[in-house]
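The whole structure should be built from the sequences, with the hints applied where relevant.
2 protein chains.
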Amino acid sequence: MKGFLPSASGLVALVAPLAALAAPLTIKEQGSFFVGGESKTVAAPALGPIPAQSGEITVNQMYVQYQIPMRGAEHLPVVMVHGCCLSSKTWETTPDGRMGWSEYFVRKQRPVYLADQVSRARSGFDPTAFSDVRSGKSTPDKMPAILSATHQIAWTVFRFGPKFGEAFPDEQFPIAAIDELYKQMIPDLNSTLPRDNNPTWKQMAALAVKLDGAILMGHSESGFFPEQAALIDPKGIRGIVSIEMPCETTLASTQIETLAQIPTLVVFGDHLGDVTGGPVSWRQSFETCNTFVEQLKKADGDAQMMHLPALGIKGNSHMLMQDRNSDEVADLVIAWIDAHVERKAGH
Amino acid sequence: MKGFLPSASGLVALVAPLAALAAPLTIKEQGSFFVGGESKTVAAPALGPIPAQSGEITVNQMYVQYQIPMRGAEHLPVVMVHGCCLSSKTWETTPDGRMGWSEYFVRKQRPVYLADQVSRARSGFDPTAFSDVRSGKSTPDKMPAILSATHQIAWTVFRFGPKFGEAFPDEQFPIAAIDELYKQMIPDLNSTLPRDNNPTWKQMAALAVKLDGAILMGHSESGFFPEQAALIDPKGIRGIVSIEMPCETTLASTQIETLAQIPTLVVFGDHLGDVTGGPVSWRQSFETCNTFVEQLKKADGDAQMMHLPALGIKGNSHMLMQDRNSDEVADLVIAWIDAHVERKAGH
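Which chain is which? The protein sequence lines are U and P, in order. Take the position in the first sequence, starting the count at 1, then add 195; the result is the number in the working numbering. Take the position in the second sequence, starting the count at 1, then add 195; the result is the number in the working numbering.
Watch out, some of these pointers could steer you wrong.
Since the list gives no way to pick one copy over another, a pair counts as held whenever it fits inside one copy or between any two copies.
As the list claims (entries may be wrong) - Below are the SDA-like pairs computed for lysine to any residue, each with C-alpha atoms no more than 20 Å apart in a straight line: (1) K358 to S249; (2) K358 to E251; (3) K235 to G360; (4) K223 to G292; (5) K492 to L446.
Bear in mind the hints are in silico, worked out from the structure with no lab data behind them. Because the structure is a prediction, the values reported are computed rather than measured.
Listed below in structure tokens is the structure:
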């Protein structure tokens, strides 16, 4: 794949028909709803065709889309939360048109809840800090930075190869369909939220309570969000799956004790140290998570680091839920849930 | 309902269980994909934790989520596109927890495709004009206006009652659940797009071609988008359903001839002239659409104005797909599709 040059052509992607290989799917219930959301009074939010007028808008709500399979009552719901510059599209049809984890887990009879992070996609965002700059009430330097990863950054941060346009020989990401991943990458407005108290955390905790028990799954930017949610309210959180992120290693012992009550799986793919010069060190993130897992174990926690290459599974990228072997990785996660969360709880 | 005061409390919405009343649903295929999208070279897009670096981002892509029912091949797909300050959530579970039009149409064996408009929700948006102001490359007055409707504006523009907090006696919108609608209302970034050539139009036309024939449905801001799509490329567009919007009345005769080839239904609810002082005149929009329908008819088009009160159906708001009688209105639209699009085409 050396020298492969991606091009985001304007052609209509003919990926949908490829997804038609599976058998029909019967679902008991599906739908969408919001968790949380607060009113905020704004001075002149409604620019454009509708005249400016003071009033209230709703902010910090989290959009959730769900499907419950026929035997869903036999299993705990799985809440999937996407990473930086992405939406819940992460878990749906893969860039090369295969079934994503959301449907795969449903077919394994797990109720699945996809949450768009607060300030992203269908959850919307608080536009006030931008509108205030436009109206002169604030200055450009006060405007939140919109995080927007380029194709070049995605290639190296997501570990598709050692440098942009060059894939690892054993790369599992479907490189030929990379333009479809680039379309998933959307502006990230998390800088509009308090960094040390992201509202997505409390909404995830509230969702787990609402579901009367759930497994929280995070990825990358949101990889440690399940833990942050548990530190706010662990009541509904029965298990945690944290995928490829830096881990906190300076938590207080009382916090570790709280988290040690919840079975926790951390997953990392391959080539952690094989991309040089990028803005993210996955090797370092991996080490922080090894430390975190050891901290949980020392507090009698059921915690596990699943490093895929250590299991003989090679070539996985940061986007392992979209990699060519995504079903295989999903099966490992489901087997962990069965053994460490559900059987233990007598589910 | 006079004096009803909405409050967007932070309580977790317990709406999901209410949706469980329906029988299980078997679907042949589901998934998501993007239509279109072009590369754009940007100087320093990646602010925040990832260092600024020039490169490419993808813009103008349109996210589409779909479900095909078991007998979907017997019917034309229906593409649903939401309005201002909203996302595809518009067509899903209603604010009071009933089944939305997306699932209702699927249960009526119609393949349904929900598109987030370009620059909204999971389609992402081009952040360049904002980043340029922040970096000093541009000035605040050049920044696009973010359209963000307040609760107060929504109440009057969506015709829930004569003034904010006061509902019409026969109001069909589920007012008690209005906080759930407010959560659906997210910033609208269409001002980042060319006003006379919104990329959503070409993506809708391309989607209809990709599907080898589809019915395009638009609402409010996107109400006339099906017609705009047809003026770009009518090839795949078998029928148009335009719900509650101002219509263009100054189209060229060649444009009217193009549109007259496509069966067209325009739908309006009740109380069009009963809200005073609001920024939108629905009575005037209704009149422009009556004119437009007459223009199509004069060009031998199969066009119809469905004004619900004229059929004895009273109290419908602008959000008629979420109103308490949403199934009844859906049935009327489906009956029109059967009679004017499918039977005519020998489908």
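Status of the hints after comparison with the structure:
In this assembly of identical chains, the alpha carbons of K358 and S249 lie at most 20 Å apart only when taken from different copies (15 Å versus 50 Å within one copy). When the C-alpha separation of K358 and E251 is checked against a cutoff of 20 Å, the pair qualifies only between copies, where the shortest distance is 15 Å, while the shortest distance within a copy is 47 Å. In this assembly of identical chains, K235 and G360 lie within 20 Å of each other by CA distance solely across copies; the values are 17 Å between and 45 Å within a copy. Within a single copy, K223 and G292 get their C-alpha atoms only as close as 25 Å, which misses the 20 Å cut-off; across copies the closest is 15 Å, which meets it.
For the homomeric pair K492 and L446, the shortest alpha-carbon distance inside one copy (14 Å) is at most 20 Å, but the shortest distance between copies (71 Å) is not.
Figure legend: structure checked against the earlier numbered hints; every hint is met.
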